[in-house]
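Student: Given next are the chains, with one letter for each unit.
Number of protein chains: 2
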Amino acid sequence: MLKRIAVLASGRGSNLQAIIDAIESGTMQNVAVALVVSDRKNAYALERARQKNILTAYFNSRLFISREEYDRELVAYLEEQQIDLVVLAGFMRLLTPYFVLAFQGRILNIHPSLLPAFPGMNGVADALAWGVKVTGCTVHFVDEGLDTGPIILQEALPVARDDTVETLHQRIHALEHRLYPLAISLWAEGRLKIEGRRCLIDEE
Amino acid sequence: MLKRIAVLASGRGSNLQAIIDAIESGTMQNVAVALVVSDRKNAYALERARQKNILTAYFNSRLFISREEYDRELVAYLEEQQIDLVVLAGFMRLLTPYFVLAFQGRILNIHPSLLPAFPGMNGVADALAWGVKVTGCTVHFVDEGLDTGPIILQEALPVARDDTVETLHQRIHALEHRLYPLAISLWAEGRLKIEGRRCLIDEE
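For the record, the sequence lines run as chains A and B. If you're matching positions, the first sequence starts at 1 in the numbering used here and goes up one per residue. If you're matching positions, the second sequence starts at 1 in the numbering used here and goes up one per residue.
Isolated chain A (complex conformation) (with noise of 0.2 Å):
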């Protein structure tokens, strides 16, 4: 059975790109992207929606008095449009515990750190300052916390002498597109068990 999956994005969508692309590739067969939404309506992940012919909503919070009444008719809204699994690619909202709440397990998210080191919005920046040597990047499913659910994919990857925040998170963004469909497959396929904190990926 097609999964159908909403890409949540704030901006250029280079994620939804990469989810896109693997669709069109064959490599993740068991899923459509039925659905992108962003809160910025010139996102350029909208534009490329557009371009592929996916449904588009822009949701301006402007016109919500409350940010869970913000989610409560996003909600209703990936509801009606029957979607299995909502897929966060630069959202640049916490979801409220409604969101999470409806969504219960059917939310991903991805992160330009190694978990939970580096919580937040500036994930690379935090770990070069910090100085680590190792950095890399995290899919996990989204709870109520700031980078908090349980993880189902990370990746190293190797802090240079001479990295900046833009080569450093420019690596991390390969490895990015690279997991993230492979955990939306995961997922599709029914593959992903969680147990308190810890996420299984059953063997096929």
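Derived by calculation from the structure, the hints in this document are not laboratory data. Using N, Cα and C, we set each Cβ at its ideal position, and we do this for glycine too. Each hint should be verified, as a subset may be incorrect.
[Claimed, not checked] Per the computed footprint, the stretches of chain A lying under chain B, defined by three or more beta-carbons under 8 Å from a beta-carbon of chain B, are:
no.	stretch
1	46 to 59
2	110 to 117
3	148 to 154
4	185 to 199
[To be verified] Going by beta-carbon spacing under 8 Å, a handful of chain B positions derived as facing chain A:
no.	residue
5	GLY136
6	PRO150
7	ARG161
8	CYS199
Starting from the structure of chain A, add chain B where the hints point.
Tutor: Showing chain B alone in chain A's frame:
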């Protein structure tokens, strides 16, 4: 010039052994273990040292009225023995600011996680319980904090689905035994430069 190092250990001293082995095999040519200190009379690390005719000292905390007094005596002894570098290898005492200041930039520690994730006594168990897919080990300079000093070397390791604390720690130990002699050599060769929180390694 041969650098004189003191290894401080509370337990079995497997990292001490790795250092001794690296010296005996010629991998580490600029360092001599001048002294092994323990806060536990029966630490096997002391026995390993005696077998190699290395000077040993047992510092019994019950003989000192405070942590600082303990550290003052220990620092005095290390200075008397003309120690260049203090190497913590499973030493189960947090050093006081007095000690850290006395050997500023000349104290190394090794930790079984990718710091700043999972500091403290149970780095391996904590990482496993959190559900990370990647962990590793870290060699760092010691400052006044708990496992917070500038990082010299890190290396990552995947966590396997069926890992226990024991199996994971075993693989991390193998990493440690390779990384610690390497970091000590880099220090002894004068190739480590601290800039803020970052430790830069000079290329040869």
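Student: Each of the hints needs a verdict: does it hold here or not?
Tutor: Verification of the supplied hints:
1. 46 to 59: Not satisfied, violated; 0 residues make the cut.
2. 110 to 117: holds (count 4)
3. 148 to 154: holds (count 5)
4. 185 to 199: holds (count 4)
5. GLY136: holds (6 Å)
6. PRO150: PRO150/B check passes; min Cβ-Cβ to chain A is 6 Å, inside 8 Å.
7. ARG161: Holds. Min distance 6 Å.
8. CYS199: holds (6 Å)
Hint 1 from the list above is the single one not met by this structure.
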